[in-house]
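Protein chains in written order, with our numbering: chain V, 1 to 350; chain Z, 351 to 700.
Among these hints, one or two may not hold up.
Said to hold, decoys possible - On the chain V side, residues computed to face chain Z include the following (Cβ under 7 Å):
# : residue
1 : HIS92
2 : GLY108
3 : ARG135
Claimed, not checked - Label-pair ranges, simulated between beta-carbon atoms:
# : chain 1 : residue 1 : chain 2 : residue 2 : range
4 : V       : ALA136    : Z       : THR550    : 26 to 34 Å
5 : V       : ARG154    : Z       : ASN516    : 36 to 44 Å
6 : V       : GLU211    : Z       : MET611    : 35 to 43 Å
7 : Z       : GLU489    : V       : GLY195    : 29 to 37 Å
8 : V       : GLU272    : Z       : GLU489    : 18 to 26 Å
To be clear, the hints were calculated from the coordinates, so they are not data collected in a lab. Virtual Cβ for every residue (Gly too), placed ideally from N, Cα, C.
2 protein chains.
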Amino acid sequence: MNITVLAGGIGGARFVRGLRHLVNPTNGSTSTQGSPTDSKITDSNITVIGNTGDDIWIHGLRVCPDLDTVMYTLGDGIDPERGWGRREETFHAKAELEAYGVEPTWFGLGDRDIGTHLVRTTSLNSGYRLSEVTRALCERWQPGVNLIPMTDDRAETHVVVDDPDNPGQQIALHFQEWWIRYRATLPAHRFVIVGIEDATPAPGVLDAIAEADVIVLPPSNPIVSIGTILAVQGVEQALRETSAPVVGVSPIISGAPVRGMADACLQANGIETSAAAVAMNYGARSSGGILDGWLVDESDVESVATIEGAGIACRAVPLLMSDVERTASMARACLDLAQHIRRARIDQTS
Amino acid sequence: MNITVLAGGIGGARFVRGLRHLVNPTNGSTSTQGSPTDSKITDSNITVIGNTGDDIWIHGLRVCPDLDTVMYTLGDGIDPERGWGRREETFHAKAELEAYGVEPTWFGLGDRDIGTHLVRTTSLNSGYRLSEVTRALCERWQPGVNLIPMTDDRAETHVVVDDPDNPGQQIALHFQEWWIRYRATLPAHRFVIVGIEDATPAPGVLDAIAEADVIVLPPSNPIVSIGTILAVQGVEQALRETSAPVVGVSPIISGAPVRGMADACLQANGIETSAAAVAMNYGARSSGGILDGWLVDESDVESVATIEGAGIACRAVPLLMSDVERTASMARACLDLAQHIRRARIDQTS
């Protein structure tokens, strides 16, 4: 089975780790107690299309936070507490940059992480494409999935806010500045992905959507992670056209983001912070959207009928990613829902 | 008094620290027991013309080992044991580059050091000249001297050796590879400074030589440190023409380099590893060379007559740089010898 996942950072990475555990219980996990699997699932190939809208050139280095979070999480190099960056990380170069008075100082540039950025930056400057560089970096990390950036082109998310220094004026901050420096507390008027008009999908992206048996939207940020991937030329259309069921996992539980500040992003786009509203925003494929199925948390069980009423198959299951086993169960629920959708289609057409 | 020093790395940096202590005993030293000084000396400005022939672009970073050694040593950021790089340094980014299998792996790229290299590299890539960037970096370190790179142009020393992998063939290694990776054990046929033909002195270099009251060659490597500075267009001629006495300190004591592998460099140029041979190689100004005076170690006292016979005023003094006080005494001996040379000239002309 070919499983394609559109992923942002921490939420997407943790989901894929659970999915990989389901597909191959011995990979990247010390547990031998796998979820029950069938041979179709254990034969699966996982392709992850990673968001690069959060990418930033900083101190001359090209940093790809979401790709690296996926790579480090699946390669067991992630800091398990923070959820981003390397384990046993130090921040000595960052302290030096501050001592020199060089801005920006708010970005968490770790020393081990810099090793990755140096390899990436020199490779990009030598003419390699980001997708090639990502593949090369993954040679080391062996993530057990095929990780592809959404695009090889530069397309960086900016956030239009009231200028904190000039009342009455608006400015566009780089997403990272808004997210990290301001902790998303400056109300966002809108998101602008600079360069997205010219961003074409990286090699393999459209094929991974067209040739998938199931497509999963993990509990990543629907606006600045998955929304950004969808904004790349042809991606949303490919999702509408693929024969694979498209199943998503709600990043909102009981009206709040599981982690991160997705509510600030939803508000900017006028979307309620609820599992149902996010599903409705993606929309049912039957009515021009991209979703066939949607998983909500058990605590949001009352929204299932609304979502199904909009033409999106919906299940309420525990959406905890507190450990790999529980996450694998979530992934299993995705695949089960996809299977249900596939069967329902066959029933319809027969 | 204007004192101009042509410096390489560790030896030059330590000498200048002693010289600065002589000029300003409270700067950068916890000792209050200064050497006896007169007001002429304590009013001195020190200009250091730094060797950049050892510079290397590595992993996309521009590294200036000699400039940084001077800057860190005078700014109290140096690792006192190694004599190069930052104190309390870590090498996590370097370990990552190795884990990715990215060459070269032999260069000691420290994490704190990378902070400096990132500032320098982004500034250079933004169009600033190395001399401007060096001044900006020194804003932080406050070395108490005016540190100028010999040139803003790229001119990197290479070493022609027998190719260890292809018998019968010669290859040119970057100086750093020869020095660090091979510990200068591959016999050098010759040194080639790639780009030196087009390297012009950085702003301030020729003025610092022309307007000096004394010029000091510290115990830096005579071939690949001071020799490289001399190879920059116009520098050697400026030294021949300046009215200031040019006084050097032997880097060779009792037939061996005080530290480093200067002997391997001298051999390549057919120069004996002795205090006298190095002085003769610089040559007396009276016979077309650049030296007016030369300090040898007490243990080399028997060479004083030979050197003086060649027209170079010579003294035998303790050439220990084991601490700042002793180094200040060496620097004092340089200034005393310069004063002696100046007086002898006046006696000659009157």
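### Message
For the restraint on HIS92 of chain V, tell me whether the closest CB of chain Z is nearer than 7 Å.
### Response
OK, holds: HIS92 of chain V within 7 Å of chain Z, min 4 Å.
### Query
Should the hint that ARG135 of chain V touches chain Z count as held when the rule is a Cβ pair under 7 Å?
Violated, because the Cβ-Cβ distance from ARG135 of chain V to chain Z comes to roughly 13 Å (cut-off 7 Å).
### Message
Quick check: does the Cβ-Cβ distance between GLU272 of chain V and GLU489 of chain Z fall within 18 to 26 Å?
### Response
Given about 51 Å between the Cβ atoms, the range is violated.
#### Entry: Cβ distance range 26 to 34 Å for ALA136 of chain V and THR550 of chain Z, holds or violated
Check failed, 40 Å falls outside 26 to 34 Å.
### Query
Has the hinted range 35 to 43 Å been met by the Cβ atoms of GLU211 of chain V and MET611 of chain Z?
60 Å, violated
### Query
Taking the beta carbons of GLU489 of chain Z and GLY195 of chain V, is their distance inside 29 to 37 Å?
35 Å, holds
### Query
Does GLY108 of chain V pass the interface hint, meaning its C-beta sits closer than 7 Å to a C-beta of chain Z?
14 Å, violated
### Message
Given the hint of 36 to 44 Å, is the C-beta distance from ARG154 of chain V to ASN516 of chain Z inside that range or not?
### Response
42 Å Cβ-Cβ, so the 36 to 44 Å window holds.
Checked against the numbered hints given earlier, this structure breaks hints 2, 3, 4, 6, 8; the rest are met.
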